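J.: So you can see what is in the structure, the chains are spelled out below.
Protein chains: 2
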Amino acid sequence: MSETTSQSPSVLIVGSMALDNVRTPAGEVQDALGGAADYSSIAASFFSPVQIVGVVGDDFPQEHLDFLASRNIDISGIQTIPGGKTFRWAGYYDFDLNIAHTLDTQLNVFADFQPKLPVSHQNAEYVFLANIDPELQLDVLKQVKSPKLTVCDTMNFWIEGKRDALLEVLKHVDIAFMNDAEARQLTGKLSVVKAAKALQELGPKTVIIKKGEHGALLFSGNEHFAAPSYPLEDIADPTGAGDTFAGGFIGYVAQQNNTNIETLRKAVVYGSVLASFNVEDFSLNRMRTLTHAEIGARYREFRNISFFEALDEASV
Amino acid sequence: MSETTSQSPSVLIVGSMALDNVRTPAGEVQDALGGAADYSSIAASFFSPVQIVGVVGDDFPQEHLDFLASRNIDISGIQTIPGGKTFRWAGYYDFDLNIAHTLDTQLNVFADFQPKLPVSHQNAEYVFLANIDPELQLDVLKQVKSPKLTVCDTMNFWIEGKRDALLEVLKHVDIAFMNDAEARQLTGKLSVVKAAKALQELGPKTVIIKKGEHGALLFSGNEHFAAPSYPLEDIADPTGAGDTFAGGFIGYVAQQNNTNIETLRKAVVYGSVLASFNVEDFSLNRMRTLTHAEIGARYREFRNISFFEALDEASV
Numbered sequence: 001m002s003e004t005t006s007q008s009p010s011v012l013i014v015g016s017m018a019l020d021n022v023r024t025p026a027g028e029v030q031d032a033l034g035g036a037a038d039y040s041s042i043a044a045s046f047f048s049p050v051q052i053v054g055v056v057g058d059d060f061p062q063e064h065l066d067f068l069a070s071r072n073i074d075i076s077g078i079q080t081i082p083g084g085k086t087f088r089w090a091g092y093y094d095f096d097l098n099i100a101h102t103l104d105t106q107l108n109v110f111a112d113f114q115p116k117l118p119v120s121h122q123n124a125e126y127v128f129l130a131n132i133d134p135e136l137q138l139d140v141l142k143q144v145k146s147p148k149l150t151v152c153d154t155m156n157f158w159i160e161g162k163r164d165a166l167l168e169v170l171k172h173v174d175i176a177f178m179n180d181a182e183a184r185q186l187t188g189k190l191s192v193v194k195a196a197k198a199l200q201e202l203g204p205k206t207v208i209i210k211k212g213e214h215g216a217l218l219f220s221g222n223e224h225f226a227a228p229s230y231p232l233e234d235i236a237d238p239t240g241a242g243d244t245f246a247g248g249f250i251g252y253v254a255q256q257n258n259t260n261i262e263t264l265r266k267a268v269v270y271g272s273v274l275a276s277f278n279v280e281d282f283s284l285n286r287m288r289t290l291t292h293a294e295i296g297a298r299y300r301e302f303r304n305i306s307f308f309e310a311l312d313e314a315s316v
Numbered sequence: 001m002s003e004t005t006s007q008s009p010s011v012l013i014v015g016s017m018a019l020d021n022v023r024t025p026a027g028e029v030q031d032a033l034g035g036a037a038d039y040s041s042i043a044a045s046f047f048s049p050v051q052i053v054g055v056v057g058d059d060f061p062q063e064h065l066d067f068l069a070s071r072n073i074d075i076s077g078i079q080t081i082p083g084g085k086t087f088r089w090a091g092y093y094d095f096d097l098n099i100a101h102t103l104d105t106q107l108n109v110f111a112d113f114q115p116k117l118p119v120s121h122q123n124a125e126y127v128f129l130a131n132i133d134p135e136l137q138l139d140v141l142k143q144v145k146s147p148k149l150t151v152c153d154t155m156n157f158w159i160e161g162k163r164d165a166l167l168e169v170l171k172h173v174d175i176a177f178m179n180d181a182e183a184r185q186l187t188g189k190l191s192v193v194k195a196a197k198a199l200q201e202l203g204p205k206t207v208i209i210k211k212g213e214h215g216a217l218l219f220s221g222n223e224h225f226a227a228p229s230y231p232l233e234d235i236a237d238p239t240g241a242g243d244t245f246a247g248g249f250i251g252y253v254a255q256q257n258n259t260n261i262e263t264l265r266k267a268v269v270y271g272s273v274l275a276s277f278n279v280e281d282f283s284l285n286r287m288r289t290l291t292h293a294e295i296g297a298r299y300r301e302f303r304n305i306s307f308f309e310a311l312d313e314a315s316v
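Protein chains in written order, with the numbering used here: chain A, 1 to 316; chain B, 1 to 316.
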């Protein structure tokens with residue numbers, strides 16, 4: 001994996017920025033850095049420069065802004081609302097880490113978020129619309145001039161409450177991320193394979209299904225790829241795993257600056273690698289110490305996990 | 001894949017033989033060939049000769065015995081009880097094909113099954129103890145003289161009702177198959193990875209976790225392998241998928257006549273290939289027409305599904 005260089009195209013990432021209170025069987029954190037845009041931007045920044053667009057209140061610690069800026073992330077698109085409070089989420093996980101239980105959600109300044117792209121961001125070639133109101137995702141799409149690749153994520157809340165706007169987003173993006181439950185919910189298909197194909201018919205040529213502990217599936221045209229999950233024994237905090245996965249994915253694609261199928265397959269694996277690290281600690285803490293050498297080593301582990309020899313063609 | 005030859009060691013398979021009534025959203029069958037020993041024997045027979053041991057009543061159709069015998073399966077170990085009735089299972093699946101709903105179970109002659117191995121079977125090198133009472137599995141283990149590889153399967157019914165006997169079986173087998181729910185239930189570990197490692201500590205060096213639509217995991221010593229699932233859009237009948245998987249696995253291992261890790265990885269894929277075909281039709285009907293060329297082609301598809309390029313080592 002090559003180091004990020006100034007030649008790599010930037011990734012534009014728009015989404016939530018949050019302060020989280022999270023409790024899991026492994027411990028808890030208060031006022032920790034969270035939000036889909038933060039998770040995905042940090043993950044993408046291991047591969048490409050990032051332009052983050054989001055909103056915070058003036059309670060958002062300067063140290064978090066400094067952390068983002070230290071990672072080749074352009075923070076000029078972050079609006080800070082004077083006197084406003086940052087979006088806050090409080091939740092916990094029991095022993096089944098697949099289920100997040102929400103204790104409290106305070107939208108605060110995020111309730112009135114209207115992403116306005118600085119001129120410098122309007123020429124973005126790689127665009128990731130992290131999980132926000134699909135109407136805002138559409139607004140952002142209108143502001144970018146000629147993107148090479150547009151990618152969206154979403155969640156059950158918008159599938160239920162903003163279905164028409166979400167369908168409109170899907171008509172206009174190249175790649176859609178969803179978890180298996182969301183794909184089933186949106187399409188009404190119980191089979192994940194049928195759900196993914198139904199999603200492709202709604203617009204995106206490529207659909208990536210996140211299956212948590214069961215890995216991830218890529219459907220692109222008629223191509224199909226299954227990435228294994230990493231056999232982690234101890235997960236500290238699953239918050240942000242999906243955002244980290246998507247961020248690692250688009251960061252790698254932007255670094256390679258092409259969207260051929262082999263790049264997309266590798267990008268799914270890099271996303272899985274980043275997510276597998278992120279859940280090892282709370283908030284984005286593992287990302288603070290993660291090195292490119294560790295990413296490379298785990299990529300090799302993913303290869304080993306999924307390796308089996310070819311058919312002996314001579315003896316078929 | 002080489003054709004079965006008379007040089008391949010035989011696989012001894014002991015388990016249930018049944019007549020099933022099954023209904024799924026795709027249709028239904030009555031008095032269809034079923035049972036773990038039948039599914040696994042037919043699957044194994046694509047790779048190696050099989051010695052099947054089971055019990056039926058004299059209501060068991062001769063055509064089913066003829067079908068088994070036609071596939072390089074030695075049926076001399078099948079006991080036919082005069083005046084007895086064959087084990088019968090009736091059940092259905094709704095749109096969630098992961099859940100079998102039992103309507104009726106009639107053990108009949110299976111209730112008094114006491115597997116007695118013919119002398120010709122006692123020298124078996126490869127032994128598969130399909131899903132039966134673990135006390136019977138122990139009996140069979142005592143009758144085989146010097147097996148090279150012993151493999152067991154089980155189900156929730158025995159985990160609940162015959163836990164001590166099952167733990168004794170696990171002490172004496174080389175490989176244990178379980179689905180993810182069974183592995184969690186037996187070990188009390190919610191993480192599949194922790195559950196598999198706990199199972200290894202109970203005896204078997206190798207544990208294979210069946211995850212249905214999410215593929216299968218192999219844990220062998222410190223090695224880990226994840227086989228993808230095949231993206232089937234339409235499943236006619238999931239009955240026997242796990243038995244077919246295990247049968248394909250041990251049939252391939254016996255054909256190769258070694259248990260090194262590369263053989264085990266390939267065997268998990270061949271098991272997955274056979275299972276992916278079996279669910280395309282009811283009962284064992286798909287196995288009746290399946291060819292070695294089709295098996296080889298789908299094996300290549302599994303390779304393609306899980307392929308991604310190596311890390312560019314020069315640029316790490």
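Because the hints were derived from the structure by calculation, they are not lab data. A few of these clues could be false.
Straight-line C-alpha distance at most 30 Å; calculated BS3-like pairs for lysine-lysine [to be verified]:
1) A:Lys189 / B:Lys148
2) B:Lys211 / A:Lys194
3) A:Lys211 / B:Lys189
4) B:Lys197 / B:Lys142
5) B:Lys205 / A:Lys211
6) B:Lys211 / B:Lys197
Pairwise CB distance ranges (calculated) [claimed, not checked]:
7) B:Arg300 / A:Asp96: 13 to 23 Å
8) A:Gly221 / B:Asp234: 47 to 57 Å
9) A:Thr291 / B:Ala90: 22 to 32 Å
10) B:Gly91 / A:Gly221: 36 to 46 Å
11) A:Ala69 / B:Ala26: 35 to 45 Å
12) A:Ser70 / B:Glu294: 24 to 34 Å
13) B:Asp312 / A:Ser70: 42 to 52 Å
14) A:Ile261 / B:Pro25: 26 to 36 Å
15) B:Glu135 / A:Gly161: 40 to 50 Å
16) B:Asn98 / A:Asp234: 22 to 32 Å
Predicted model only: the values in this text are computed from it and were never measured. We put the CB at the ideal spot given by N, CA and C, even for glycine.
J.: Each of the hints needs a verdict: does it hold here or not?
T.: How the hints compare with the structure:
Distance check on the hinted pair: A:Lys189 and B:Lys148 sit about 45 Å apart at the alpha-carbon level, beyond 30 Å; violated. Distance restraint check for B:Lys211 and A:Lys194: the Cα-Cα separation of roughly 19 Å lies within the 30 Å cut-off, and the hinted pair is therefore satisfied. Between A:Lys211 and B:Lys189, the direct Cα distance comes to roughly 20 Å. Compliance with the 30 Å bound is thereby established for this hinted pair. Restraint check for B:Lys197 and B:Lys142: satisfied, since their Cα atoms lie roughly 26 Å apart, inside the 30 Å limit.
Our distance criterion of 30 Å between C-alpha atoms is met by B:Lys205 and A:Lys211, whose separation comes to about 28 Å. Distance restraint check for B:Lys211 and B:Lys197: the Cα-Cα separation of roughly 16 Å lies within the 30 Å cut-off, and the hinted pair is therefore satisfied. At roughly 37 Å, the beta carbons of B:Arg300 and A:Asp96 sit outside the given window of 13 to 23 Å. Range check, A:Gly221 to B:Asp234: Cβ separation about 20 Å, and the 47 to 57 Å hint is violated.
At roughly 58 Å, the beta carbons of A:Thr291 and B:Ala90 sit outside the given window of 22 to 32 Å. A hinted range of 36 to 46 Å for the beta carbons of B:Gly91 and A:Gly221 is consistent with their spacing of about 38 Å. Hint check: A:Ala69 to B:Ala26, Cβ distance near 57 Å, so the stated range 35 to 45 Å is violated. About 55 Å separates the C-beta atoms of A:Ser70 and B:Glu294, a value inconsistent with the hinted range of 24 to 34 Å.
Evaluation of the 42 to 52 Å hint for B:Asp312 and A:Ser70 yields a failure: the beta carbon distance comes to about 26 Å. In this structure the supplied range 26 to 36 Å holds for A:Ile261 paired with B:Pro25, their Cβ-Cβ distance being about 33 Å. Distance hint check for B:Glu135 and A:Gly161: the Cβ-Cβ separation is about 56 Å, which falls outside the suggested range of 40 to 50 Å. At about 27 Å, the beta-carbon gap between B:Asn98 and A:Asp234 stays in the expected band of 22 to 32 Å.
Checked against the numbered hints given earlier, the structure breaks hints 1, 7, 8, 9, 11, 12, 13, 15 and satisfies all the rest.
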